[in-house]
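Q: Given next are the chains, with one letter for each unit.
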Amino acid sequence: KAGVTQTPRYLIKTRGQQVTLSCSPISGHRSVSWYQQTPGQGLQFLFEYFSETQRNKGNFPGRFSGRQFSNSRSEMNVSTLELGDSALYLCASSLDLVQETQYFGPGTRLLVL
Amino acid sequence: GIQVEQSPPDLILQEGANSTLRCNFSDSVNNLQWFHQNPWGQLINLFYIPSGTKQNGRLSATTVATERYSLLYISSSQTTDSGVYFCAVETKTSYDKVIFGPGTSLSVIP
Numbered sequence: 001k002a003g004v005t006q007t008p009r010y011l012i013k014t015r016g017q018q019v020t021l022s023c024s025p026i027s028g029h030r031s032v033s034w035y036q037q038t039p040g041q042g043l044q045f046l047f048e049y050f051s052e053t054q055r056n057k058g059n060f061p062g063r064f065s066g067r068q069f070s071n072s073r074s075e076m077n078v079s080t081l082e083l084g085d086s087a088l089y090l091c092a093s094s095l096d097l098v099q100e101t102q103y104f105g106p107g108t109r110l111l112v113l
Numbered sequence: 001g002i003q004v005e006q007s008p009p010d011l012i013l014q015e016g017a018n019s020t021l022r023c024n025f026s027d028s029v030n031n032l033q034w035f036h037q038n039p040w041g042q043l044i045n046l047f048y049i050p051s052g053t054k055q056n057g058r059l060s061a062t063t064v065a066t067e068r069y070s071l072l073y074i075s076s077s078q079t080t081d082s083g084v085y086f087c088a089v090e091t092k093t094s095y096d097k098v099i100f101g102p103g104t105s106l107s108v109i110p
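Those protein sequences? They're chains V and R, same order as listed. Going by this note's numbering, 12 is the number at position 12 of the first sequence; the sequence numbering is gapless. Going by this note's numbering, 8 is the number at position 8 of the second sequence; the sequence numbering is gapless.
Just chain R, same shape as in the assembly:
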């Protein structure tokens, strides 16, 4: 099946710093989403981005489907950005339809 990798696994930032999170996938996919899981476990959709670039405030994402990777940019980080960031791909099969990466754990310190 498709392998989804994320890097880095852990990241500690000073408030105000910028960061780039990466998601690599091993085969072509129907779509890709980025999620943020807050410390209480709630998953929040950030971007649906099968290809191209999208921006939402301090966050932006780029997916290069032909090269099988996606990037999530966080600018001017805030303590509320802390949590785990997951990318998830929708496969082209009906088995294991959605595969999540292992996540990047982000801690933003004041």
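If we strip away everything but chain V, and leave its shape as in the complex, we get:
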């Protein structure tokens, strides 16, 4: 099976812009979670989607949003970018909400100038 894929892999934006990141889970996986990784805060949970519904959410402002499509692919959007949004954004998929085993994609490196 193909692994989790994320696009784009690298992205440079300027403050105030918005960005959309995409994640395609492993075939058959229905749960997609998003994480932000920064040197200062480490790995932080953003949100989880299952069957096109957001099931769980981390401690992030409303500028961070996401959605999941019927084929389980997911997108996350960050509006009004700030310098502090520069990070590695990781997507993980798992079979269901139990998240017995999460499989991570390679990540999208976002740099906000």
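All the pointers check out, no bait thrown in.
Partner residues are not named here, just some residues of chain V that face chain R (Cβ under 7 angstroms, in silico):
# : residue
1 : LEU43
2 : PHE45
3 : ASN59
4 : THR101
Just so you know, the hints here were simulated from the structure itself, not pulled from any lab data. All C-beta atoms, glycine included, are put in the ideal place defined by N, C-alpha and C.
For chain V, the structure is supplied; the task is to place chain R on it using the hints.
A: Chain R in isolation, oriented as in the chain V frame:
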């Protein structure tokens, strides 16, 4: 919220040595996973281990849920084991559902 701590923060090993990494968590959790992040940033799941002991080759893990800790054992370390090891817990709430520890950075030198 739940606090997750890992020790040691940094570890340097000679190739062939053994090591034990520890993860402590402050409250009961639904499950616990161990991950390895390679130098290119890729996170790889090592173990899903809410309780008990599991082994996979040179790696093994033990979680004692009642005492709120988990251990990851690496035997006969190789240079390819270098990277950062994270434990992550799934909380019993829907807010901050998954919490990662700060990681243990491992360097294995030839």
